[in-house]
Amino acid sequence: MKEKLILSWLYLFFILTSPVWAQKSGHNWAKIYSQELFRITEVMVTDVASPPVAARIYSYSTLGAYVTVLDSNPDLRFKDFLAFGNFPKPDFPFLETEIQSHEFAAVYAMFLVGEKIMPSGYLLKEAKENWIKKGLKEKIISKKNLDTHLQLAQKAADFVLDLARKDGYIQLTALTRYTPKEGEGFWFPTPPAYMAAVEPEWRTMKTFYLQNLEDFKPSAMAPFDLNEGSSFQIQLQEVYQVGKSLTEEQKLIANFWDCNPFKVEFSGHMAIGVKKISPGGHWIGITGIASEKANLSFAETAYIHALIGTTLHDAFVSCWKAKYDTNRIRPETVIHQKLDSDWKPLLQTPPFPEYTSGHSVISSASAEILTGYFGDSFDFVDSSEVYFGLPERAFSSFYQAAEEASISRLYGGIHFRDAIENGVAQGKKIGKTIWDRLD
Amino acid sequence: MRLFFRTLILFWVSFISFGKEGIGQKYQSVFEGVPAKKSGITFKNQLKEDQQNNILRYEYFYNGGGVAVGDLNNDGLDDIFFTGNMTGNKLYKNLGELKFEDMTKSAGIAGKDSWTTGVSMADVNGDGLLDIYVCYSGKKLPESRRNELWINEGNFKFSEKAKEYGIDDPSNSTQGLFFDFDNDGDLDLFLLNHHIEVINELEFDRERNARHPYAGDKLYRNEGGKFTDISEQAGIKGSALGFGLAVIASDINQDGWMDLLVTNDYIEPDYLYINKGDGTFEDQLPDHLQHISHFSMGADIADINNDGLPDIFTLDMLPEDNERQKLLYGPENYEQYNLMIRQGFHHQLMRNMLHLNRGNGYFSEVGQALGISNTDWSWSALFFDANNDGNKDLFITNGYYRDYTNRDFLKYKGDYYFKQAIAKEKADTLHLVTSMTSTPIHNYFFENQGNIQFKNLSLASGFSAKNFSSGAGFADLDNDGDLDLVVNHLNQVSEIFENKSSKGNWIQLALKFKGKNLSAIGATVEVYTGSQRFFQELQPVRGFQSSSSYRLHFGLGDQVKIDSILITWPDQKIQKLNSSPVNQLVTIEYQPTESDNQIKWTPIPLFEKQVTNLDFNPSLSSVNDFKRQPLLLTMPSHLGPIMGTADLNSDGNPEVFIGGSKGIPARMYTWKKGDWEVYRGFRSSADFTDAVVVFEDFNRDGALDLFLGSGGYQDYLTSDEALQDRFYLNDGTGVLVPQSSFPKYSISTGTAAVLDVNQDGFPDLFVGGKIIPGRYPEFPESKILVNDGRGNFSDQTSTYLKNPRIGMLTGSAVQDLNGDGNDDLILAGEFMAPKALIQTENGFEESLNYFDSNLSGWWNTMKQADMDGDGDLDLLLGNFGINSQLKASQEFPLSLYAADFDQNGSLDPIFECLIGDGYFPFASRDELLDQMVSMRSKFTDYASYSKAKIPDLFSAQELQNAQKLEIKTLESFYFENIGGEFKAHRLPSEAQYFPVYAIHISDVNEDGRMDVIFGGNQSQARIRIGKIDAGLGLVMVGLGEGQFRPLTPEESGLRIKGDIKSILEIKDGENKSFIFGINQKQPEIYRLK
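For the record, the sequence lines run as chains A and B. Position 116 of the first sequence, counted from 1, bears residue number 331 in the numbering used here, the numbering being contiguous throughout. Position 337 of the second sequence, counted from 1, bears residue number 352 in the numbering used here, the numbering being contiguous throughout.
Keep in mind that the hints were calculated from the coordinates and are not lab data. Don't take each hint at face value.
Calculated lysine to aspartate or glutamate pairs in the EDC-like style (CA-CA distance at most 16 Å, straight line) [claimed, not checked]:
#	chain 1	residue 1	chain 2	residue 2
1	B	Lys434	A	Glu600
2	B	Lys1082	B	Asp690
3	A	Lys553	B	Asp771
4	A	Lys559	B	Glu216
5	B	Lys998	B	Asp810
Some, not all, of what chain A presents toward chain B, calculated at C-beta under 10 Å [unchecked claim]:
#	residue
6	Asn301
7	Met410
8	Lys553
In this text, a Cβ means the ideal position worked out from N, Cα and C, and glycines have one as well.
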């Protein structure tokens, strides 16, 4: 495995330094796309974008690239999802002049969108400059054509940003803030930072595909009931017991899929925020790995990333609606109150209600789309978490990865089983609904 | 006769409290650092930061060292001992004239190579020589931190005998305090300790009930020279949550037994141990202090207002200036705060607290009103009279070597780890530590101006140097009749500050007690001169990790003669000295006089609390208006209960209306000679929040009718049916019948007044709007409703009010201002000056002649009466008060800009006020970003926002288009009607300590002059503002001429905790009773004695 990595690094080194190979066709576009998208991920980490917010940022950034590519009228393997979702029609062609590299403009458009949509978007300045340098140096575009490409990117970005302006995001701060429900079984902020509920009104966000959120409501959760033998009590015991006797493999799985954008560790007056990519970021990472493995063209890479990005967004809206419909208590809170004041979950409990499991919903929805696109038994090695000192993990299919992501929340001690299982069903339904219209 | 006496007593007291105004200016406090070359003091508490020793590994790495001052060789000069955390301790012999000799080596007293903390000097073995007790802490093995007791063998020879005495305790100690807790004549030891590990929230419950061997505080009883740990049996708390940073002994309740204040850092509340006199203590803090410092650090207890009662002061870490306030940590999480309350950790807020002792165990926290609440991370607090003017001034040391609560650092650290991970490099902890900024700050000196006023003279009085300072002590080191300061700096040579003030007269007392407590720890002294009384307790351990001189120093100002000195010895025997000369040291041997049963003068209170069978007991409300408009400063929902009274069925027993709020319907009772009966003739629904009640015979049938103004905020829509005002006609038998014909409008009503607008002789209504739910501070409409004489009203607002959106009204009064025979209106409200509306042929027109436009305030209520007996009606207006972080003045008004700046459909109210020495937005960065998405990219870190002013938030165009409101005073006023205009008189300080929501005017002492009762407080403010609860129900006696004298709670008898929203006076026969309506609590009833 290690050898393979070194080889691919060598390969990259080669194409970056050898002018003979630096032809347009010689570019590993899937890889380049992922690398450049990671610049946006880094800004999200700096800004501590919450999971639903991160998915929104991925949606519009990847749409920026995709809309640019569409301008070239490419042949795509599957149907254009813009035609099916809640999208207005872009006014193609954006420019009347000939375009040397839609790829170049697409990546630039991605940055332009990211720049505007993220609080610290200004941090992309360096990425933008480097991208232009790279484009000129590697003759992806000529100096003479640069302005035209930047104009094209701006047109595409404007189209996408106009969508973003109208999706309900800035209205969120006009809505009444969340107050934890009084009574047993309801969610309450969790230690150690007792952070306020994340995006309680996310249900009011516009979706890209789902017409009616009620259609994607998860099955009913087990009602709060501490009586011996009740479904809730059994599930509670399961989280508690599993958490107390975790195997090394289970710990590894839980940590691999933790994806907590901001874990706060306290030391007296001092708090340290440990940052990671979000669950959506993890699946964007997997999409990149698969695109590269399948040797996708730039247009196809942009297609599948934007499709995953927008699917993630819809899945989060649906899941967040469920969370604030149910306001269910987290295992940590109830175990601490009723069973064992010393019990601690392996993962830090994220700051929002428990039902359904976000990772289960979005992982399943993503796996549904990725399986449709790349095929049933597409094996891959997930190296998305290598940055954080976690090993790579090999999966035989997207479903396998999604299932592991889902059950990891039980090992992590932050979800009950029904939130996971019903979340998986919810996510699958979302993914299938979207894919069925494209296939 | 009884009344005469009462008046006499009240006047006598008034001499005491008014006798000393204006002395402060005459004597100037000046201190000057003595150069090390001259003093010979070279001690330096130098830290070495490395991989093993740093703030990430040891929480209390930057707390600093201590100071002990005392005369070790009885030569009349106080010597000095310094402790160093990682360096050896040092002992300096005082050679006189501020020259010192390092005796450390010959005395062999440098101590061991362990983390050293606090120090105190006390004559532990009672041989007449002060011994030295040194505390140790740190992360090494327990054995390494056993405390040391250096027994003084004379001539600067010491031997370490902690083990022999049984106090070689291995706890993580902060300070040892020697005092005689059981009054058996010898000194016992309270050992203040702290934990060194952070306790996880989940472990709170378990840890609270367990005694931690090294973190728990301890009490050692002296049993014939051997000390025994009696912590458990004596009721001393010892949990792992204890992070003790200061302990002060004082007889808080004046029962002759020493009580203790222990301050705790972090979540654990401070303890106020009341000595029960039976060998045990009980922590009664919540009974006495309604809110306390959160991360309590140093402390002091002293009588700051010369009323003979010890006041309590605790330090915290709130910075003075805007930049550091916005940059450093500050709590704003409501759920976490509520959880803290629910788990029994009491109301804790991050700032210094001054608990003014009001007698009988009642305290009012007034630190912000005194301007001493924001002094950054503060360690030592010392009250002492620096300029000998008779008032104890305040010195505070402060500074923390690294800004490790910097909020950007929290995120930066995360980024650092993330970037290192991506770069595949190991994160370096020491690099993180050294990348933290270090901000030295100056110490604070506040000069006590008398009359409970402090003036920040830090820079002018010699403390402008920026540094890090921890332990400190005071003593007259050069015996020149003033107190000098000794300060232990961090990473810098310690300093002596010579007192060079232009000063008043003084006297110093050296007390010689008997037995094993020769130095008389625990004695109290009262010095009487003229009309003044000066009070001190002999307790050398004060401030932080330090102990000060044993000599008691009293400044006397202009007084050249002392009438008497009253010493209460530790055995409670009293010694009285007559007429002592001034400006000298007097040594007083123990020779108690016969009359040891001092008659304590206690006033006869005006009011007496009544037991009641009133069953109106509303449950606590969880409505949080900050969830709806996150930038509000206080919650407009919690406005009740309002009250009103009328005899509806003319049976001679008054009915009392108590207003409801959403979820709790209003109730009406009949008051029958102290008994309450539910009144059957009235019914209201639970949808409404009653804001205004008016009883008036609107249809002139001889029976009183009822107008109810519906107000509140809650979750009401802007056009909510529950905002509809209601009108009831009395059917003549006392049954109130709702009138559906009453005009329909939805206004959250703030006030209403009865007047005749059309001169038809029938009472009409002015209804003032206060707020539009969800749209604060947009002005709601006000109304003129005209009565046809039969109780049918018609809305004729457009005829009488040109612009019905007058303001956010809370008070209205009707009188004929211009003498034309027509009713005119006086209006008051939030963010406006009182306003006069004159009735003309064209309806009401505003006249600017009556009120100074510079008196825009946060007026909550207004009442009118003839206060000065000149035949016209004067006004009293209740404002927000000055006891909060909000400041307002002519030069720096509290401003409010409002507009939908980000065009998302919600109003963005942006407050701007004076913070430190500049004008800045009030909202924290998190609060602002939560309100407006657009600000998230404008201020991507705390640093950029920490310097931002309003023009950095919005363009000139945006500000120009915004609604702009101002408050120029937050003080409550008396407005004297001088014919044609109202003259504003500021009310006494005691009336400014809390927001006033209820005013009642009555001649309570029956001297023929009107008196005033103020009720208020505000428990529903932002966490950063916190509970304002200094008001206990304030009676101000009218002295005529518009002068008022506030009564102490002891004099008035009023001791009401909570937010008073209404006051009602009812009579039965000769008896007068006063009902106080308290938000979310049962009303309290007091009878006039």
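Tested hints:
no.	hint	verdict
1	B:Lys434 x A:Glu600	13 Å, holds
2	B:Lys1082 x B:Asp690	13 Å, holds
3	A:Lys553 x B:Asp771	65 Å, violated
4	A:Lys559 x B:Glu216	11 Å, holds
5	B:Lys998 x B:Asp810	35 Å, violated
6	Asn301	21 Å, violated
7	Met410	8 Å, holds
8	Lys553	13 Å, violated
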